[in-house]
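Engineer: Sequences listed follow chains A and B, in order.
Counting from 1, one number per residue, gives the positions in the first sequence under the numbering used here.
Counting from 1, one number per residue, gives the positions in the second sequence under the numbering used here.
One thing to keep in mind: the hints can contain errors.
Unchecked claim - Heads up, simulated DSS-like pairs for lysine-lysine below, C-alpha to C-alpha not over 27 Å straight-line:
id	chain 1	residue 1	chain 2	residue 2
1	A	Lys269	B	Lys65
2	B	Lys65	A	Lys219
3	A	Lys225	B	Lys52
4	A	Lys61	B	Lys52
5	B	Lys65	A	Lys61
6	B	Lys65	B	Lys52
If you're looking for bench data, these hints aren't it; they were derived computationally from the structure.
Please read these numbers as outputs of a predicted model, since none were measured by experiment.
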Amino acid sequence: MIYFDNAATSWPKPPQVKEAIVRFMDEIGANPGRSGHLPSIEAARVLHETREVLSICFHVKDSSRIVFTHNATESINLGLKGLLKPGDHVITSGMEHNSVMRPLRDLEKKGIELSIIPCSPKGILDPLEVEKKIQTNTRMVVLNHASNVTGTLLPIREVGQVARKHDFLFLVDAAQTAGACPIDMEEDGIDLLAFTGHKSLYGPQGTGGLVIGVRVKEKEMIPLKQGGTGSRSEFEEQPDFLPDRFESGTPNSVGIAGLLAGIRFVLEKGIEQIQKHEISLIRKLINGLKEFPQVRLYGPESGLDRIATLSFNVAHLPPSEVAFRLEREFRILCRPGLQCAPAAHRTIGTFPEGTVRFSLSYLSSEEHVDQAIQAVGQLAQE
Amino acid sequence: MSQGVILFPSIHFVLHAEKMIKGKGFSIDLIPVPRQLSSDCGICMLIEWERKEVICTLLEERGVKVEGVHPLPQKEN
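If we strip away everything but chain A, and leave its shape as in the complex, we get (with noise of 0.2 Å):
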């Protein structure tokens, strides 16, 4: 079977990850910083370490400004509904997933002004176009670091600068890069990092976590829930400070143990070698389907600006079969339709039938790309 669904979550995952999950339950158990005893303690261990390897991926220096949350959705959730007032005004792109566009569409409704950017048919986002979108009560920009539908990477650290400039926050949903690109919160400009643990870091579903920089005042910052941390039980009002501000509930530390497993895996191995390697196979399939006309390719073609999703269509067959019978004759699996992006599919001139969806890993081989080029073309070539 050929696994090419790695934007919606990665898979396999590496094995280091399972054994740290089973190790967790097996040995640790208990729930981190809740007691003194040695296992909580231990718990609480897993999620300090975690927070550490996410500072060294992306350059942040003081750890406890990593909250971790459920997914990316979460966090963009908590970021934009933490921070946006009625009478603020956010701009965003046409290339943004539904994990953006809905809460913003919820917030317009509540009285948040939204402008967004129109991308080239690629995808391709102009920075000087967020200039031109500025008004004096801009709070936010929202971007997402590569688009989940044509793998396009958006020119964060130059929209980073402009929201220096001009003294707004940035918040970038990184679902699709962290752990594939480099990230730098400070380079890049960026004061809220959306990012989800089972994608490119190769943790388990259900994990994942906002970086809040530290141009962004926590304390005025409002948590999407309240409710115990394990800190300053004595008080019924909710912590300010980080991490504990944001993460009420007991957390899903297994998921955490897997996903620290899977980040330690990412280090060993360097994001920039992952980049290299993801893009030397996105070449390949890209080289290879470009050769039968019968078959449109959308984002744009180098491999420098791009990551490794690919979506393409065949002339004559709706997205949907295309992606039926290369599963049922070919065993390869892969993402056909709107991939929760409406927005994205519009700019690109796929709306509302989408688009077949190919994205790769780390772990994808020369020989799946072959494989996969071969029953395109056989689809195509009917």
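With chain A fixed as given, assemble chain B onto it according to the hints.
Structural biologist: What follows is chain B alone, placed relative to chain A:
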């Protein structure tokens, strides 16, 4: 040898402190906060009292927030 405890605002900083001073020759342990003391966090760090200055300076240099340093209260009979 007399002992003391360092209190921290949250478990994150207790563990951060532990990581920062691990392997540097200090004899430390993490224990529940003695009931005579009050802390924002239920766990604290047990240290050798005479080394409190060295440890606190080291933690300060590494940006670890310390809530307080106290001699270990005597056990009540």
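Engineer: Give a verdict on every hint.
Structural biologist: For each hint, the structure was consulted:
1. Proposed proximity of Lys269(A) and Lys65(B) is contradicted: the alpha carbons are some 33 Å apart, above 27 Å.
2. Restraint check: the Cα-Cα separation between Lys65(B) and Lys219(A) comes to about 17 Å, which is no more than 27 Å; the hinted pair holds.
3. For the proposed pair Lys225(A) and Lys52(B), the alpha carbon gap of about 38 Å is over 27 Å, so the pair is violated.
4. The suggested pairing of Lys61(A) with Lys52(B) holds, with an alpha-carbon distance near 25 Å, which does not exceed 27 Å.
5. Restraint check for Lys65(B) and Lys61(A): satisfied, since their Cα atoms lie roughly 14 Å apart, inside the 27 Å limit.
6. For the proposed pair Lys65(B) and Lys52(B), the alpha carbon gap of about 15 Å is at most 27 Å, so the pair holds.
Checked against the numbered hints given earlier, the structure breaks hints 1 and 3 and satisfies all the rest.
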